[in-house]
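Enquirer: Please model the complete structure; the sequences and the hints are all you need to start from.
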Amino acid sequence: MTPTDKSAEKFERQMNLLAALSDTTQGIRAAEIQQRVPGYNSDHDSFRRTFERDKKDLLSLGVPIEVVAGTTAELTAYRVDKSKYELPDPGLESDELAALHLALETVAVGSSQADMARAMWRLGGVVDAATSGPLGLPVGELTEIPSDPSLVPLFRAVTERRTATFVYETSAGTADRRVEPWHLDFRRGRWSLSAFDSERGDQRNFRLDRIRGDVAVGDAASQTHLTPKTVAEQSDPWEFGDADPVMVSVRFDAEVALFAGDSLRSCDSTAAPDGSLVFLVPVMNWPAFRSFVLSSLDHAEILEPPEYRAAMVDWLLLIAGESNG
Amino acid sequence: MADLTAAERLDRILAIVPWVANQPNGTAPLAEISERFNIGADDLRDCLVITSMVGVHPYTPDVLINAIIDADTVRIELPDYFRRPLRLTAEQTFALLTSAKALLSVPGADDRSALARGLAKVLHSLGEASETAVEIGIDTASDAITEQLRVSVESKCSVKITYYSYGRDNTGSRVVNPWTIHSEGGLWYLQGWCHSSSAERIFRIDRIREVTHTDQAFDTPDPIPEFRLFDSADVQGRVTLRLKPAAKWVLEYYPTESVVPEPDGEFTVELAIGSVAWLERLLLRLGPDAVVLDASDGLEAIAADSARRLLAIYSD
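Residue numbers (our numbering), protein chains in the order written: chain A, 25 to 349; chain B, 187 to 502.
Simulated from the structure, these hints should not be mistaken for lab results. Keep in mind the model is a prediction, meaning the values are calculated, not measured. Be aware that a few hints might be false.
Covered by chain B, per the in silico footprint, the following chain A stretches (three or more residues, Cβ under 8 angstroms) [as the list claims (entries may be wrong)]:
no.	stretch
1	32 to 44
2	180 to 187
Only part of the chain B face toward chain A is listed, based on derived beta-carbon distances under 8 angstroms [unchecked claim]:
no.	residue
3	196
4	212
5	213
6	222
7	288
8	470
9	489
10	494
Derived, one-sided and incomplete: chain A residues facing chain B with beta-carbon distance under 10 angstroms [stated by the list, open to error]:
no.	residue
11	67
12	70
13	144
14	191
15	195
C-beta atoms are modelled at their ideal positions from N, C-alpha and C, and glycine is treated no differently.
Expert: What follows is the structure in structure tokens.
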């Protein structure tokens, strides 16, 4: 680019447009933009086309252009609220900037490298890790966090306290859910959401891979329930359900007790002299818990309550072809 | 250095201008800006020249960006706009927090590192709701075991591990040349040469109960073979299942040899059998949602056989 060519004209015009939009609290009307911002054509139609293109370019960068409605189309005004435009200064030191850059380059989370580079420019540019000293990161071992199309809209809903609606699939079929998203969680290869479920009037957990279609988010600050101060313990599949929790007691023998304990670390447990462990587990989703117990094959046994023990027996009888029902 | 598109140039300059203005005396070397923001020296100079003409009506000096460019440096003073860079988009913020938290969740990561400090500052600047917005738990592998394995990968000495084989459903010990540690799908794995099976093997680190170092040296292959969780060389036969619609998740979860959608909404699917225990678990989970149509020798009645075996536990 040289200061005289077409792309230079466009660059200068868009910079001036952004300055004009940022320098007003009331908003600036299109006619004023045409008169006051250098680079726009005096022909109305030509101006309108160029202005709309410029507006679209700025919006695509994330510039929060607001429309201030007037009584007529001519009185419609535009502005950029500086408090929504400006990135608060995190005050990053060079080594911290280098470490964040390295994290973005190392761990792919479904975003394009170009978009991540743009994030780094806004934070203060890229500092070479080699010049900023040791970062203490186990680089090269972790390369990917699976992505999901619902992640970014739900993240926006969490951070901007927006409501969210989506279609959710359970064993009972699909249903619309309206929630106040609190927290996203990645564990054992899966993303989940904990949220206040407006219809059920209580906290619920949702697996993102069971959300069907797009997530729609509501207005900013439309959540009415406070996010819990402490982050809830990460949820297991048997906690993803609408039923009230039932305390189920299950024994794992010494062969698998330690590994079962990894999944049940928040549950009360009792150790036996033979090395087995009995866990007391709150279960909201019986099929999910049954699958978890069956994954330990002969090493696990449901003890209590009797109806859950009987349900497991019925299930096994069905598979064995010995069921009466 | 690649040529920038018009949008990239605008985005870059909107980051550069406030950064320079916030440096001591609002001044920075052109070479440093060029390197830090990955923009060619000539392009940078041209953009800064234009920037010095940017402002608002009536374009008097007090409302223009004041950019003074000399041979090696630029000095920028700003009116009441462009003083801070543009906010990160939701996509960018999410990726930044997630990647940083993911690296910090690696067993043994230093919570006083530059990354931890940087992340804390970014979270603080984003506000309260962002602090707990995302949590990442890569797995539950013990820090101590991961650290021991990491040391052995570095020192290229074999280790003796006590390992619970999910496929065989038993615990045993084996000697392994640990080549590398790898994360996939939120879990950590050790890839290496297993002396007991005289073959390359992948071990889930959270199923390793104990690690003992040996002084037996080995050479790590260069390059290390591609990391593949499902290895066709390990296949122990095949099974053909008729799946009800409720069991459709199997198609997404496991590599399939073939899938035939049936007119009634069911699926006929052929799967490679990783191990007998793996097939038992799958069929016990699926219950009436799966019917075995065909299986390798001796496995046709595996679901009923394993269900009867488990029923014995509940017989009292």
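Enquirer: Minimum Cβ distance from residue 191 of chain A to chain B below 10 angstroms?
Expert: violated (16 angstroms)
Enquirer: Please verify that hint: residue 144 of chain A, Cβ, nearest Cβ of chain B, below 10 angstroms or not.
Expert: holds (9 angstroms)
Enquirer: Would the hint on residue 288 of chain B be counted as holding, given a Cβ-Cβ threshold of 8 angstroms to chain A?
Expert: holds (5 angstroms)
Enquirer: Using Cβ atoms only, decide whether residue 489 of chain B comes closer than 8 angstroms to chain A, and label the hint accordingly.
Expert: holds (5 angstroms)
Enquirer: Holds or violated: the hint that residue 494 of chain B contacts chain A, with Cβ atoms closer than 8 angstroms.
Expert: Given a least distance of 5 angstroms, the restraint on residue 494 of chain B holds.
Enquirer: Do three or more residues from the stretch 32 to 44 of chain A put their C-beta atoms closer than 8 angstroms to C-beta atoms of chain B?
Expert: Since 10 is at least three, the answer is holds.
Enquirer: May I ask you to test the interface hint for residue 212 of chain B with respect to chain A, counting a Cβ-Cβ separation under 8 angstroms as satisfied?
Expert: violated (15 angstroms)
Enquirer: For the hint on residue 67 of chain A, does the least C-beta distance to chain B fall short of 10 angstroms?
Expert: violated (20 angstroms)
Enquirer: Using C-beta distances, would you say chain B covers the stretch 180 to 187 of chain A, given that this needs three or more residues below 8 angstroms?
Expert: Check passed, 5 qualifying residues.
Enquirer: Should the interface hint for residue 222 of chain B be scored as holding, given a Cβ-Cβ cut-off of 8 angstroms against chain A?
Expert: Holds, about 4 angstroms.
Enquirer: Holds or violated: residue 195 of chain A as interface residue toward chain B, Cβ cutoff 10 angstroms?
Expert: Because about 7 angstroms separates residue 195 of chain A from the closest Cβ in chain B, which is inside the 10 angstroms limit, the hint holds.
Enquirer: For the hint on residue 470 of chain B, does the least C-beta distance to chain A fall short of 8 angstroms?
Expert: Holds, about 4 angstroms.
Checked against the numbered hints given earlier, this structure breaks hints 4, 5, 11, 12, 14; the rest are met.
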